[in-house]
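Colleague: Protein sequence lines correspond, in order, to chains A and B. Each number in the numbering used here comes from the position in the first sequence (counting from 1) with 25 added on. Each number in the numbering used here comes from the position in the second sequence (counting from 1) with 579 added on.
Just to be clear, a hint being listed does not mean it is correct.
Stated by the list, open to error - Selected chain B positions facing chain A (Cβ under 10 Å, derived; list incomplete):
1. D859
2. Q1077
3. R1082
What the hints assert, rightly or not - Restraint ranges, calculated between C-beta atoms of paired labels, are given here:
4. L178/A / G789/B: 18 to 24 Å
5. E101/A / G789/B: 48 to 54 Å
6. R180/A / T894/B: 48 to 54 Å
7. D955/B / R82/A: 38 to 44 Å
8. A872/B / R180/A: 53 to 59 Å
It should be emphasised that the hints constitute simulated quantities derived from the structure, not laboratory data. For each residue, glycine too, the CB sits at the ideal point set by N, CA and C.
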Amino acid sequence: MPQSNTGDSRVKVFFKELSKQKMLMLMSLPFLLWVIIFKYLPLWGWTIAFQKFKPARDFLDQTWVGLDNFKFLFQEPQFYRVLRNTLVMSSINLVLGFVTAIVLALLLNELRKVFFKRTVQTISYLPYFISWVVAANIVQTALAPEGIVNVLLLRLNLIDQPVLWLGVGEYFWGILGVTEVWKNVGWNTIIYLAAITTIDPSQYEAAEIDGASRLQRMWYITLPGMKPVIVLILIMNLGHILESGFEAQYLLGNGMNIDYSENLDIFVLKYGMQMNNFGLATAAGMFKTVVSFIFLITANNLAKRMGESRLY
Amino acid sequence: MHRKKWLQSSLAAVMATTLLLAGCSNGNAGEGSSKSGGSEVSTEPVTYSYFGFGNNRDVMASDTTIGKILQEQTGVDWKMEFVVGDASTKSGVMIAGGDYPDVISPVGELAKFLDAGALIPLNDLIEEYGPNIKRVYGDYMNKITHEDGNIYILPYTANVNGYLSPPDPTSTFWMQRRVLKEFGYPEVKTLDQYFDLIEQYQAKYPTVDGKDTIGFVTFAGTAGEFFTITNQPMHLAGYPNEGAVMVDMETHEAKLYQGTEDEKRWLAKLNEMNSKGLVDPETFTANKDQYLAKLTSGRVLGFVNYSWQINDATTNLRTAGDDDLRYVALPIVYDESITDAYVDPPSFVNNRGLGISVSAKDPARIIKYWDNLLTDENQKLVQWGEEGVTYSVNEEGRMVMSEEQLTNRNDNDFKRKYGFAYFDYEWPRYGDNSVYDDGNAHVPFNQPEVAAINYTEGDKALLDAYKLKTFGDFYAEPVERPWYPAWSIEREPGSPEQLFSQRAGDLQQKYYSRLVLSSPAEFENVWNEYLAEYNKLDAADFEEFMTNKIKNRIDGKW
């Protein structure tokens, strides 16, 4: 369609398109409303960060305190420790979660026996469905001085004394990483398996005829085929870089590993929610959002520059 | 099961409608209309919601015997729910949403609910509908009235007709009975003697049934119950449970014991015991289930806990029947010269109670239910049950129990089924030390006759060996403290005092495990590090705040 540059006709075209896609527009309207109501309206709540907020009081009855909540947050020595823990733990989760899920997807894809493949898949994603409370209990029991892990290591003569796994702060990040992988790997794999199914089987046939080995096929066909999905998920996950999870740290943390287990969310719970200091909690939430926003935009722009698939 | 309940409730609904319709068709000449004013109690069926921040299992009140009887009297049924997980998160969510159950027992969350204006003032309602409430709480009016002149909750500790000291109080230091038996029931009074005995026994019997005996354990793995280990210096120094402070009997100054020699002494002792391999390393990591499982395994020689934290474990051990594997609480102090203060003096806790929320549809009806609950008969019902079923009355008019009735009263499952577990504590009630007009004790186990039958053979043997009549004889008489307990002094949410408590608590959580588990050579260093951190906090202001509040209480301003 030839397009003129005058604004007038542009508007015309716009409305013409609009009426053509009436149904589509009407269908997306409820979702647009949903987003506005549940994602944008709550932003109004950010005003709490600048108040000494008292719940159940009118907006006009609140006391305004300016940036006091932010000052408290950034001046609290504990804040930098929990920020470090949050960043480290979420990076560990990000990298480990990514690598294991992709590797498992690749391996599952190579399995030819459907029954075996299904079984592995089911077993690996079952833990995803149990709640963290139960999962943490399992981990605690397994890591107890008389738990299975210590018994096993003692039998194998790898250690000569039971190790108090959850009592050594330095081990916590590792334990958390392994726990997260155990719990989520099967679930995370699903999306990659779905991505693999979109790859044209004739490519494999062609490669096989050309004499590519299994590893070569994985490397040159499957992985590039998954790339768009991988990049997309990476960008989305980077947006959650300050969300290292809450339940696992809260349930597995104790006085002995507190220096390594306490993350931003737990800090906010203790000094914000539990003390009815909702202003501080909101300020921390804002901080998290801003950081996430920066990460997300940067990652997306990088992807754009590198010509990869991207979020928008 | 579910289906049946559904059937029952729908039948009940149909019945109710029919009755209502019948009532209407008869014209409104009769009284039983829904808006019964004055002292007339409506019996129209209705279900209200109850939320407790204590531990319990969810239940419909009418599924318990007691709840059913109360429902027949008043027509009111309760959907009783209890908090799962973190209490402060739950209360935060409730407040943020402004969506409350009809009545709330906020326990530690009271200040928040008050701050949010979630509870309604009860003054007028009590005046209009609460003759029994006035009778029970009359003497405590100044203590239950909030600073703004309103009454928001009805506490659980209002004693009626004087004070009956419990025959079987407990301390926080527990010792397995076979240890005492092995050494011919020696006198154990000081902390050193206590640990000595454990050490000797452990050396003699390093294993039970092929598993290592555990010398000593305490429950410090969960943030919410860390006070179990931090409260001990106060008890060892001869003070009752006041929370974070010790109050001088003469000057009434409140002093924190954190960072003092008293605290150091306790931790140094634990450190020494740990170096001998007698402290369970899981003390700081086990969750509550793991911990209670340990206590019931019979492998633990000694532990520290308030009895109400471990009720399920002690009742289970009792039901299991091996008295040697059960525990006895002893009045342990630092030195022979210290008089123990484990038995609570007559006290009134004014920040634990039941309140009506702003969401309640018919507060008058609820107040009437409470008033009805506070009659002598119903107070007997919630503590003793029904005459002839769960207790009997002998010729002298004393309330007694047969052995079978006692076994039931001690059994966790029966207590839930019958409703004792739900109605004997977190409701407006007579305090534990109350006495009925006829001279019977309000709490069955405070009744000397019942306490006597309640003793097992092992109990009797133990008491005989020490030449005592009751377990209470182990302890010193309580000393009157008009402000007691200081822990019930409310700190406003977000106040400097609360911030101090949180920070000090964080420090304890971080350093206690290190102090206990480090090598004895390192102890001094870690202690100094801890002290340096602690001294950065503003303890003086906190102490001043507490001292002022205590002096106010002595002057009658609660």
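Colleague: For each hint, tell me whether it holds in the structure or not.
Modeller: Now for the hints, and whether the structure bears them out:
no.: 1; hint: D859; verdict: 9 Å, holds
no.: 2; hint: Q1077; verdict: 6 Å, holds
no.: 3; hint: R1082; verdict: 9 Å, holds
no.: 4; hint: L178/A / G789/B: 18 to 24 Å; verdict: 21 Å, holds
no.: 5; hint: E101/A / G789/B: 48 to 54 Å; verdict: 50 Å, holds
no.: 6; hint: R180/A / T894/B: 48 to 54 Å; verdict: 37 Å, violated
no.: 7; hint: D955/B / R82/A: 38 to 44 Å; verdict: 43 Å, holds
no.: 8; hint: A872/B / R180/A: 53 to 59 Å; verdict: 23 Å, violated
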